[in-house]
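Q: Here the protein sequences line up with chains A and B, keeping their order. Residues in the first sequence are numbered consecutively from 706, following my numbering. Residues in the second sequence are numbered consecutively from 706, following my numbering.
I should point out that these hints are in silico values taken from the structure, not numbers from a laboratory. Note that the structure is a prediction, hence the values are computed from the model and not measured. Incorrect hints may have been included.
Copies of one chain are not kept apart here, so a pair can be met inside one copy or by any two copies together.
Straight-line distance between alpha carbons at most 25 Å, and here's what the computed SDA-like set of lysine to any residue pairs gives [unchecked claim]:
1) 1001 / 1061
2) 1001 / 950
3) 1001 / 983
4) 826 / 1146
5) 748 / 1027
6) 748 / 1026
7) 1123 / 883
8) 1001 / 1067
9) 1001 / 956
2 protein chains.
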Amino acid sequence: MSASEGRIAEVLQRAEATEEETLRRWFELLRIPSVSAQPQHAKDCQEAAEWVRAQLLELGFQADVLPTDGKPCVLAHHPGPGGDVPHLLYYGHYDVQPPEPLELWTSPPFEPTVVDGPRGKRIVARGAVDNKGQLVAWLGAFRAWHSVTRTMPLRITVLVEGEEEIGSPSLEKVLIAQRARLHADQAVISDTNMWDIATPAITTRLRGLAYVQVNLRAAARDLHSGLYGGSAQNVLNILTRALGGLHDAQGRVQLPGFYDRVRPLPPEQVAEWESLGFNEQAFLAGIGQKEPAGEKGLPALVRLWARPTADINGIWGGYTGSGAKTVIAAEAHAKVSFRLVPDQDPGEVLASFQRFIADRIPPGVTASYESLTAAAAIVVPRESRFVAAAERALREEFGRPPVFIGSGGSVPVVESFKRVLGLDTLLMGFGLEDDQVHSPNEKFELACFLHGMRSHIRLLGHLAQA
Amino acid sequence: MSASEGRIAEVLQRAEATEEETLRRWFELLRIPSVSAQPQHAKDCQEAAEWVRAQLLELGFQADVLPTDGKPCVLAHHPGPGGDVPHLLYYGHYDVQPPEPLELWTSPPFEPTVVDGPRGKRIVARGAVDNKGQLVAWLGAFRAWHSVTRTMPLRITVLVEGEEEIGSPSLEKVLIAQRARLHADQAVISDTNMWDIATPAITTRLRGLAYVQVNLRAAARDLHSGLYGGSAQNVLNILTRALGGLHDAQGRVQLPGFYDRVRPLPPEQVAEWESLGFNEQAFLAGIGQKEPAGEKGLPALVRLWARPTADINGIWGGYTGSGAKTVIAAEAHAKVSFRLVPDQDPGEVLASFQRFIADRIPPGVTASYESLTAAAAIVVPRESRFVAAAERALREEFGRPPVFIGSGGSVPVVESFKRVLGLDTLLMGFGLEDDQVHSPNEKFELACFLHGMRSHIRLLGHLAQA
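This is chain A alone, in the form it adopts within the complex (with noise of 0.2 Å):
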């Protein structure tokens, strides 16, 4: 064993016995009800922001709470041992998804709950996982070095926003204003998902996501049926007749040019992940469903990784309350986002959808649009020296070495890293399938987060030997 080896195993085991400590702090987290798309948790959100910048300070990093536009964001440094180290900007979020519907949970969505399940234990509670729990494995990481070296192995500079789950409106701004104190050679995130609970993955391409909430007026008021049925135009036939029209019986969606720029998945990619052996229908099982959806004759994970989508997210107008009332409704609305592959640009895509609905309603009813999120698809290197450290961690942490795989979902800090710091950014994370992001009863398995506590120790520790 090298010295260095020696040190990580010294630092990993005070990890271990330092376990409760590492609990209790993040349940502190997970008690505050940071959801950034509700006005009312505003005041959440600043606690949020503060209580990240205290742990921060208690690790010797210089550390603020920026104001931004919306919710605060936290930037913190710490200048790491001296000499040449790498330097990375390790990114998170302390908000998270509203909670709704509340009624769909077990427990508290904000009081952490240890359930026993088929995996040992896991920690129930909204944001478990998605992010303030791979946030807290990379925190509780620094803080078993710093315990052990009262230094961290590295030059370290953090960004942690708290605006991703309603699209980071003020990401862009901070990227730009701070651009000075955001320089670094590598970003890491840890906001995706391993392989399965005993295959630890990297992350290598991110789909995009274009979402609009699109509302249509048709009448002064609302209407009475009977006097109006067969005359006055009714928003909700001609929206849900819109949109009833984005997708054809092949599942391919019909926005015009919509595929134009989509390229071909290289026949060795496809063949790649056809070998992880995914099962679909054990996929779809799991959330209670049978057939796929999505573009037909393509294989799964083209279609979850590599292909785009288009999902009506909500969609809401007239009487929704109970028993009937015969009401031809005055404005309707849906919520609609694209997730998009690479070379799709999120404003074309906006702009096609717009001329879309336009060609679909009839004269005197007009539509009005808010986007809410653009951000475009992105492709990691896999060639660099912060991923090969992070494959040795991995393949040490699990005993085996990682999967390379893609993800349906958008991290769009990562585009914007890149674009406005020329960052790469390693995507290393820790959450399963099953984790139920974003829907009741969420939950990060303790064994994940400790693997992934453990595997950024690792990666600090080789990184800083390198």
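With chain A fixed as given, assemble chain B onto it according to the hints.
A: Using the frame of chain A, we list chain B on its own:
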């Protein structure tokens, strides 16, 4: 002037002298928020029923509030002056539609507000016209007769229910159980419109209504659209695709067999309606619309009164809060209704709708249905002494003869009266098309209310004399 004409003049004079008191009584009823669709208003419905009973007791009726499985109804009798006088069954409803959306009301919905409009004073409140105002108009006629003669000019039975706005689920049971007490020669209802403020109308044709809520479920829980988009079924995509196919490009409803029983309208009926000079552009301009919906190539009044329709009255599912939530919802819901014409069977239409949906959902997605209303269309015979008396009353009151019109709306009780009690119904109503029935700022023109009361005074007088 004959003796009976003198008597009618005296009663009309009495009504005018006590107008202020009549308005005070009407406003009392409007202040009771008797919303039948909303469980929290159950007590208010009871109170409204008691209010109606108390009015009738003051006029010498024997009157009961009868419990039902839902909201109570009021059943009352007056033996009249004795002798061989006709026996009328007056029907009304004390329940009202939900007032939502509240923010669009210019005054509180349950605080009747007198507003100066272009056609004189109007009363703004939920239920102003539908049906509290029209009901108090005939109660006012009863009171004026009672005040002058200490009795009623005819035998009168009164039935006032509290579930009309939710499809009268208990009414049929009441009609069957109380058949003996509901015996009469003719039913009279004021729940329809005039042709315009100067032209009274008798409605001889009503559309039926089949109203159903459909609930789709696709997954065991809400899903993250990044992790599942492209594989998991999105129930909102499925629901909009299915409902988006309800009409073809010609505006024809696409349920299998929907038009099979629809008979073409006699050309002379079409011609009679065309002679009314209905201005659809102005009708639509009044609600802020430009281009008519409905079946292409048909005259407006035919579409409104004599052709069936399909309308989505409400739709909801997924994330409907502020901001962006990338969720694939587990459940989606819609309220869908069909206006029916004579010979269409509501049960057949609902069954056809269920097949239509079933044909459009993939395996593993489940649909459930709640049938909320099912009433056939009706045609009222024009040749009867009751219609003749009403024609005369309206001609005298307005100085011009009434027109015979259809209505696109449903008064399902008319069909029940015919089927269960063997009774034809005189539909003599005093609403106007711009009364905002079922919408915010519902109103009743004071002139229409007073004409209505006076027309009922005349109707009773002429039938007593006949």
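Q: Now tell me if each hint is right for this structure.
A: Now the hints, each set against the structure:
When the C-alpha separation of residue 1001 and residue 1061 is checked against a cutoff of 25 Å, the pair qualifies both within a copy, at 23 Å, and between copies, at 23 Å. Proximity of residue 1001 and residue 950 under a CA criterion of 25 Å is satisfied in both settings, with 17 Å inside one chain copy and 21 Å between copies. With identical chains, the CA atoms of residue 1001 and residue 983 are at most 25 Å apart within one copy only, with a shortest distance of 17 Å there and 51 Å across copies. Taking CA atoms no more than 25 Å apart as the test, residue 826 paired with residue 1146 passes inside one copy only; the shortest distance there is 14 Å, against 57 Å between copies.
In this assembly of identical chains, the alpha carbons of residue 748 and residue 1027 lie at most 25 Å apart only when taken from different copies (17 Å versus 35 Å within one copy). Taking CA atoms no more than 25 Å apart as the test, residue 748 paired with residue 1026 passes between copies only; the shortest distance there is 19 Å, against 32 Å inside one copy. For a Cα distance limit of 25 Å, the shortest separation of residue 1123 from residue 883 inside one copy, 15 Å, qualifies, whereas the shortest one across copies, 79 Å, does not. In this homomeric assembly, residue 1001 and residue 1067 come within 25 Å of each other (Cα to Cα) only across copies, at 13 Å, whereas the closest approach inside a single copy is 32 Å.
With identical chains, the CA atoms of residue 1001 and residue 956 are at most 25 Å apart within one copy only, with a shortest distance of 6 Å there and 31 Å across copies.
The structure agrees with every numbered hint stated previously.
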